[in-house]
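Asks: Going line by line, the protein sequences match chains A and B.
Residue numbers for the first sequence follow numbering that gives the first Met the number 0, beginning at 0 and rising by one.
Residue numbers for the second sequence follow numbering that gives the first Met the number 0, beginning at 0 and rising by one.
Wrong hints could be hidden among the right ones.
Pairs of lysine to any residue, SDA-like flavour, derived with a Cα cap of 25 Å [said to hold, decoys possible]:
(1) B:LYS4 to A:ALA305
(2) B:LYS73 to B:LEU30
(3) B:LYS4 to A:LEU302
(4) B:LYS4 to A:ASP298
(5) B:LYS11 to A:HIS325
(6) B:LYS79 to A:ASP207
(7) B:LYS4 to A:ASP303
(8) B:LYS11 to B:LEU30
(9) B:LYS4 to A:ARG131
(10) B:LYS4 to A:GLN123
(11) B:LYS79 to A:GLY326
(12) B:LYS11 to A:ASP207
(13) B:LYS4 to A:GLY119
(14) A:LYS59 to A:ASP298
(15) B:LYS79 to A:GLY119
(16) B:LYS79 to B:GLU117
(17) B:LYS79 to A:LEU302
(18) B:LYS4 to A:ARG311
(19) B:LYS79 to A:GLU299
(20) B:LYS106 to A:GLY115
(21) B:LYS4 to A:GLY115
(22) B:LYS79 to A:GLU112
(23) B:LYS4 to A:ASP207
(24) B:LYS73 to A:ASP114
(25) B:LYS4 to A:MET113
(26) A:LYS59 to B:ARG172
(27) B:LYS79 to A:ARG26
(28) B:LYS4 to A:LYS59
(29) B:LYS79 to A:ASP303
(30) B:LYS4 to A:HIS325
(31) B:LYS4 to A:GLY326
Bear in mind the hints are in silico, worked out from the structure with no lab data behind them.
Letter by letter, the chains look like this.
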Amino acid sequence: MSDASWGGVTQPSPGHPEAPPAQWLPRAQLQGLLDALLTRGYRVLAPVVRDAALHFDELKSVAELPVGWRDEQGPGRYRLAHTDASHVFGVVHGPGGIKRHVFAPREPLLQIEMDGPGQGFRAQAVIPAPPRTALLGVRGCDLAGLAMQDRIFLHDRFPDPHYAARRAGLLLIAVGCTRAVATCFCASMGTGPAPSGHYDVALTEVEDGFIAHTGSDAGRDLLAALALARAGAAMLGREREAYASCAGSMQRSLPREALRDLLYENLSHPRFDAVAARCLSCANCTMVCPTCFCHDVRDEPSLDGASSLRVRDWDSCFNPEHAQVHGLNFRPHVRERYRQWLVHKLASWVDQFGASGCVGCGRCISWCPVGIDLTEEVAAIAAAPGARS
Amino acid sequence: MTAQKPKLAVFKFASCDGCQLQLLNLEDELLPLAERVEFAYFLEASSRASDGPWDVVLVEGSVTTPHDAERIRKIREQAKFLVTIGACATSGGIQALRNVADVESWKQQVYPHPEWIETLATSTPIAEYVHVDAEIQGCPVAGEQLLRVLSRLLLGATPDLPVASVCAECKRRETTCVLVARAIPCMGPVTRAGCGAICPALGRDCYGCFGPAADANPASLVRHFEASGLSRTDALRRLRHINGWRREFRTLADALETSRD
C-alpha cells in the first residue's frame with residue numbers, strides 16, 4: 000500500500016528528495032505564523048490542554064499551546080504531565096483529534112415544514128457555514144484519518160454536502176511526531192510518524208524551532224509572508240533521524256499486509272469469545288477512531304406536529320440498535336459487534352475503500368475503559384490460526 | 000371545533016415525585032403540550048381529575064404494597080399506551096434496597112405501630128405486574144426524553160430513546176473520559192444514555208442513575224474497578240444503588256456478594 004492509497008492529493012513526505020525546499024521556522028516566530036493565519040481571516044484550531052486531555056480549541060496566542068506538556072498513554076490509560084522542556088507539540092494526541100471538525104457529532108440535515116394538516120411538506124437542507132478554519136498541529140495519523148473520511152463522504156457518487164461544507168477551505172498545518180506513546184503504531188500502518196498525504200504545511204519540531212515543508216500554494220503563500228531561511232542539510236539529517244528514532248521506539252504494530260486474509264479465515268476464532276467477555280460495548284473505540292464514520296439519522300418532530308428536524312448523530316457498530324433492522328438484530332451479541340468492528344476496520348475496509356480503516360493512532364487502545372488492545376487481539380489470532388469456538 | 004384531544008394521565012406509586020416534576024419543569028413546552036393533549040389526570044398539576052380511559056398514561060414509582068399491585072392493574076385496564084417513567088417505575092428504585100434486607104425488622108425499627116403497616120417484602124418495577132409499552136429510564140427522567148416520547152406518540156410513531164451507554168454522550172460533547180484520564184470509577188460505560196453525561200462533564204463519575212444500558216457488561220467493568228483498587232464494598236455500592244434491582248446489576252451484585260471473602 001502506497002501513500003496514494005489514502006485518497007486525495009499525495010504530497011511527498013518531509014525529507015523526500017522531491018519535496019520543495021524546507022524552511023526554518025524559529026520557535027520565536029510561531030506567533031508570526033499564527034498571526035499570518037489570523038490576518039488571513041482563519042479561525043485557528045490547535046491542540047490545547049483542557050479537561051485533563053488534549054483537545055483542538057480556538058487559538059489566539061501561541062502561549063495557549065501546551066508548551067512542556069507530555070502525554071503518557073497505555074491500554075485504558077491517559078495521563079498528562081508538565082515538564083520543564085520547551086517543546087510546543089510534546090503531547091502526541093488527545094481523544095478526539097480533528098474528526099469532529101469535519102464530521103460533526105451532531106449535524107442537522109433537513110428542516111421539514113408541513114404545508115398544513117393533511118397537506119404536503121417542504122424540506123430544506125441545512126448546510127453548515129463554518130468560519131474559514133486552519134487546523135494547526137495535525138498528526139500524521141489524523142491526516143490519514145481525514146483522507147479516509149474524505150474518501151467516504153466526498154468521493155462516492157453522492158458527496159455529502161454537510162461534510163463538504165466543513166471540509167472546504169480547511170487549511171492543514173501538520174506537525175510530525177518525534178515522540179511516540181506506548182499505544183502508537185502508525186509506523187506499521189504507513190501513516191507516520193512523519194506526516195504524509197495532503198497538508199498545506201508540515202512542521203517538524205526540533206530543539207529550538209521547526210523545519211517547515213509546504214504542500215500546497217496556500218501553504219507556500221503562508222510561509223512566504225514570514226520570509227524564512229532555508230533549512231540546511233544538517234537540519235534535514237536531524238529530522239530524518241528524529242522520525243526514524245520515533246518509528247523505532249514504537250512498541251506496537253499490526254501485520255498490515257497479512258491482516259485481511261488472517262481475519263477472514265478466523266471469523267469463528269475463540270478469541271472473539273474472550274474479548275466479548277471484556278468488551279463493554281460502550282462505543283468509546285469507535286468514537287475516538289479517526290476513520291469511524293457510522294451515524295444515525297433521526298427525525299425530531301416538533302410538539303405541534305407542524306415541523307421536524309432531521310438530525311445525524313455519531314453512531315457506533317457497538318450500539319445494539321446499529322444492527323436492528325425491521326425488528327430483528329443481526330448482531331445480537333457483543334461478540335459479533337467486536338468482530339464486525341475489527342474485521343471491518345482491518346480487512347473488509349480494504350475491499351470497500353482501498354485502504355485499511357486503521358491509521359495506527361492507538362486511540363482505541365488508550366480510550367477503551369478496560370484497555371482492550373486490537374494489536375493484542377490480532378496477535379492472539381495470528382498465534383493460533385484456524386482455532387474455532 | 001376539531002376532534003377531541005388525546006387524554007394524558009400521570010400516576011404515582013412509591014416515588015419522590017421528581018419525575019412528574021420533570022414534566023411540570025418543561026415550562027416553555029407546557030402550554031404547547033396542553034394545546035395537544037388534555038391533562039385528564041395529573042394530581043401534581045391540578046386537583047381536577049377525570050376518569051379513564053386514557054390515551055397515554057405515564058406511571059412514576061414502584062410497587063411496594065398490595066394496594067399498589069391492585070391499583071396498577073386497574074390503571075392498565077384504562078390505559079391505551081402505558082409508559083413507565085424513572086428508576087422507581089422501571090427498576091424498583093432506591094427503595095428496592097429492601098429486597099435484599101429484612102423488611103420485618105426494618106418495620107419494627109422505624110414505626111411505633113408496625114402492625115398498622117401493610118407492605119410487600121419487595122419494591123419492584125411496574126413491568127413485573129402489568130404490560131408496559133415503553134420505559135423512560137433515569138433518576139429523574141430527562142424532560143427532553145419525556146417530550147421526545149410524547150411528541151412521537153402524538154404523531155402515531157413509536158418512541159425512539161437511546162439504549163446505548165453514557166460514553167457516547169461524553170464523546171459527542173467532548174468530555175474527557177474520567178475513567179481513562181483520572182482513574183475515577185465511572186459507571187458511564189454500562190449506564191444508559193439520556194442525561195447528556197452531566198456528571199462526567201463536572202469531573203465526577205457517573206453513578207448509574209439512568210440504569211443499565213442495553214447489553215451492558217457490568218461484570219467486566221467491575222473487574223476493572225477492582226483490579227484498579229476499588230474495594231468489593233465500594234463496587235457493590237455502585238451496583239446496589241438507584242437501579243440496583245435491575246437484573247443486569249442485581250445478578251452481578253448477588254454473585255459478588257456470594258464470592259466475597
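Asks: Against this structure, judge whether each hint is valid.
Replies: Quick rundown of the hints versus the structure:
no., hint, in the structure
1, B:LYS4 to A:ALA305, "holds, 16 Å"
2, B:LYS73 to B:LEU30, "violated, 30 Å"
3, B:LYS4 to A:LEU302, "holds, 14 Å"
4, B:LYS4 to A:ASP298, "holds, 23 Å"
5, B:LYS11 to A:HIS325, "violated, 34 Å"
6, B:LYS79 to A:ASP207, "violated, 73 Å"
7, B:LYS4 to A:ASP303, "holds, 12 Å"
8, B:LYS11 to B:LEU30, "holds, 22 Å"
9, B:LYS4 to A:ARG131, "violated, 49 Å"
10, B:LYS4 to A:GLN123, "violated, 30 Å"
11, B:LYS79 to A:GLY326, "holds, 22 Å"
12, B:LYS11 to A:ASP207, "violated, 68 Å"
13, B:LYS4 to A:GLY119, "holds, 23 Å"
14, A:LYS59 to A:ASP298, "violated, 38 Å"
15, B:LYS79 to A:GLY119, "violated, 30 Å"
16, B:LYS79 to B:GLU117, "violated, 30 Å"
17, B:LYS79 to A:LEU302, "holds, 20 Å"
18, B:LYS4 to A:ARG311, "violated, 32 Å"
19, B:LYS79 to A:GLU299, "holds, 24 Å"
20, B:LYS106 to A:GLY115, "violated, 60 Å"
21, B:LYS4 to A:GLY115, "holds, 18 Å"
22, B:LYS79 to A:GLU112, "violated, 29 Å"
23, B:LYS4 to A:ASP207, "violated, 73 Å"
24, B:LYS73 to A:ASP114, "violated, 42 Å"
25, B:LYS4 to A:MET113, "holds, 20 Å"
26, A:LYS59 to B:ARG172, "holds, 22 Å"
27, B:LYS79 to A:ARG26, "violated, 70 Å"
28, B:LYS4 to A:LYS59, "violated, 55 Å"
29, B:LYS79 to A:ASP303, "holds, 21 Å"
30, B:LYS4 to A:HIS325, "violated, 31 Å"
31, B:LYS4 to A:GLY326, "violated, 31 Å"
The structure fails hints 2, 5, 6, 9, 10, 12, 14, 15, 16, 18, 20, 22, 23, 24, 27, 28, 30, 31 (numbered hints given earlier, in ascending order).
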